[in-house]
Amino acid sequence: MRLMSPTGHLGFTPIEPGSFESGLAAKPDAIVADSGSCDIGPYPLGADHAHSPREWQMHDIDLIVRGARELGIPAIIGSASDTGTDRGVDEYVEMVREVIEREKLSPVRVAAIYSEVDPDVLRGVLKDGVTIAGLNGRKDMTPELLDRTARVVGVMGAEPIIDAFDAGAEIVITGRSSDSSIFAALPLRAGYPKPLAYCLGKLLECASFCAEPYMGKETIIGDISDDGLILEPMHPGQRCTPASVAGHAMYERIDPFTETVPTGSLDLRDIRYEAIDERRTRVTGANFIEAPTPSIKLEGSGKLGERALAIMGIRDPITLSYLDDVIAFARRKVEDRFGPAGQPGGYELFYHVFGRNGVMGYLEPVTEITSHEIGIVVEAVAPSRAMADEIAAMGSRNMFYARLPEVKGTAGGASFFSDEILQARPGYEWTINHVVPVNDPRSLFRTRHLTLG
Amino acid sequence: MTANTDTKMKLRDLASTIRSKNAGVDHITFDVIFRNPRYFEAAQGSDGLTAERVATVYRIQPEDIVSFVAFEPAQAIKFTIRRRRPSGSPGEPDVFGSQMYPPLFDIEIPVPNPA
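Here the protein sequences come in this chain order: S and B.
So the mapping is simple: our numbering equals the position in the first sequence, first residue as 1, plus 23.
So the mapping is simple: our numbering equals the position in the second sequence, first residue as 1, plus 2.
In case anyone wonders, no lab produced these hints; they're calculated from the structure.
Glycine residues also receive a C-beta, built at the ideal position from the N, C-alpha and C atoms.
A portion of the hints provided could be inaccurate.
[Said to hold, decoys possible] Covered stretches of chain B, as calculated for chain S (at least 3 residues, CB under 8 Å):
hint	segment
1	30-44
2	107-114
[To be verified] Only part of the chain B face toward chain S is listed, based on derived beta-carbon distances under 10 Å:
hint	residue
3	Ala25
4	Val27
5	Ser48
6	Thr58
7	Val68
8	Gln77
9	Ile83
10	Gly90
11	Asp96
12	Val97
Excised from the complex, chain B in its bound form (with noise of 0.2 Å):
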């Protein structure tokens, strides 16, 4: 346990990008950001934002996020939900599915202090 080392920060004020958009007609991808290598790193932790937490606050079922990666070269979280029905359909209320990225913001994420 560290947890009386951690920190818990929301993820909005951890990223420096937080960001939703489609991904072809049949998914939204999410990509999260971070400038800081250290909050990077607690971003992937078994705490961190995880493809279990995203699936929870999305009330979403874990097989319908279909890609969740660390994509190094760019410090970032990226991860890829299957879409309901295809963008543009009937019904759906974000064609370029560009706001659906708000309920990432207040994720908490346990921080390590810096020793």
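Just chain S, same shape as in the assembly (with noise of 0.2 Å):
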């Protein structure tokens, strides 16, 4: 069986269209694609709102579906924008009709699977004396932690996938879904070995990252048997090496060797990559670790209040040489009209210095000042937004301000972008990283069968 995986995350920058059409002329038998990622912080799924522009994903819709129709084979879209709440998969879905009347296709039978969880249900569950256990560190799951919780998603497995085909579904859309169980589904529906399957899901679920040179949006041809995985780029310039594949699947995870679902573990410490010619490699050797009991990672954002922005410079080497103290300064008054910050229910200021640790924040090792100049992003996060307004213009007006013992100047310490705050999206938090078990990894999923065309 050959998967054909054409975008690492859907919509969020245009897919490719001509390694895109090599893959659609190699006769894949199906088009796996997943949409989301936590990598774009917290506010989408908390505030529920698409992070992509929906012109890049109705292209890549428009992609697939197409695709799909035209050589007759199912199509697996996750994750739908970005998050995968009920309402990303409702707007996958229409999008979805929308190429389908206006190509005047044939009617399709889509599936839509729902992977929001509500609070009340998980509340329920604490009630019942279950732990939901908090992953890589946190805390398990307290009710005060759902009271700070916007919204919560269930990242699904392959079996509610499996269940929609088997209900006689060509389309699938569904809400989170983890990458591997997605490209996973439809070989475990033919039989094809577990270990393989997820494995073939964690080396395809970026796409053309998987091959060299780098080259983001071009597509992968993934080739299952039972006895290994072949993965080939459709980009002539690419390259699935040894080395490559390799390096992939290490990609954007704690420890190299083990891949979570919620029926267990892919263990990739036996794996190995052999070369077949120059562009393709083979892999085996992957395990899988059946878990004794089912369970269902959720991810949850919730809303820590509202947020402004200003932006300046410091160009004065005086200035500069006292920075500390200047930011101390502006915080003080702050601090005198609203208290101090990060009490709860209250504010919070930060001060992203770029020329000193703007990018790194305290990981940044260096701590001297050698430019001529600093740019620094003031970060207000109020209850109100009138609130953070003020807290913005507070902090960054009284840099201007600063009493210093050398200064040369009067009131100009610092210069203004323009001298204006930035009403920035709402401050969301990652509340929610946690593991819940679960008798079926089907239960916190819903299903819904339509016909489009």
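Since each chain sits alone in its own frame, please combine them into the complex, following the hints.
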């Protein structure tokens, strides 16, 4: 079975059409693409906004739907609209409908699988005495954590997707789903070995990132048999080499040997990569360790407050040499009016000093400023819009008025990009990165079947 | 002591890839990939790229490094650090965790000269 992977994040940047067409010409058995990532931060999930422009999402969905219908093959689009909320699934279903109707394609059976989880369901789970364990060193879930959370999605495995195809679906749009599971679903349904099915997903999830030289949004085809996987790029300038595929196997994960899905873990300790020719690599040796109980990963985001920004710069070498004092002076002015920052229900104020540690923050080892100028982004988060605006204004304008021992000017220790407070998106935080045990890996998800066209 | 037959080289000259990226919302993971097996071996030595040296460079506690492994299939050293706050929180500077690797460039590693 050969799966075509055209993009690592549908809609984030448009799919490159050249290698996509080559992929279709190679007659794959299905097209699979994930559209989600936590990398975009907690705002899109918490506020339930699409992160990618609708035009780009539509561009990619159009290619996939037309391609799949032309070849008469199934398609799976996972983690609809970046976060996999119910709104995202519904919007993607409507985009599929738009393509089918615009192109006058024959009717197609679509399954929409929803993955939003009502916080009350989780409250009930906690009440029953079940532990919803924190991942990666987080504390276990509490009702208080749910109170701080605006929206939760469960990360589905392959099981609800397999069911949707069993019920006759030709195109499946899912809420939040794990990358490896959306690729594993059809091979598992066809009876291929579980370790290889999930390993295929792990390697295909970011499309051309598993090939070299580095290119984004180019199509890769992965071929699964009972003996192993074969990866082949569709862009003529790319190669899937043992080094490029192995390099991708460890991408964006805590450790390179395991990948957890609802029913267990993919174990890559004995994995082997061998070149078939210059452009194709064979992968064997994956294992799968079944979990004693299935579990579903939960992602949740909660609002911290309204957010405002101000942008300023400093050129005066005297002010620069007293920079920490200048920031402390401005912070004190804000504290005089609003009290200390970081109190529960209160405000937060951050100075991002570009030219010192604006990029790396507390992880920056270089402490000395060696540039003749620096840029500062003042970031304020507060319970109300008016308060966020005022704190950003006070926190930036008082850098202008800072009283320094050697200052040579008057009211002008800093420059303003424009004396303007920029209203930013509200501040959100990843509140939930937890895992809930379930009796059945399907139980948190709901499927709607419909015929479009 | 093999110091007399070693050449000190910077990690940026030994590795073919040095990158950082989010691994989920609470961690940043670093991949250092070597093309030359001799360099990969040198980097795994006790004076090589170790968790202790990484903790020193980033001025973090050793327990903030939650994983530090050599990944033979890719000739890579991979380590992961826990973020102080989740990615994308207010005040966090790098939502993708993608610009956290440059301090690794200048780490010096003794490479045994070929016999």
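To see whether the hints hold, each was checked on the structure:
no.	hint	in the structure
1	30-44	holds (count 4)
2	107-114	violated (count 0)
3	Ala25	holds, 5 Å
4	Val27	holds, 4 Å
5	Ser48	violated, 22 Å
6	Thr58	holds, 9 Å
7	Val68	holds, 7 Å
8	Gln77	holds, 7 Å
9	Ile83	holds, 8 Å
10	Gly90	holds, 3 Å
11	Asp96	holds, 6 Å
12	Val97	holds, 5 Å
Hints 2, 5, counting from the list given before, are not met by this structure.
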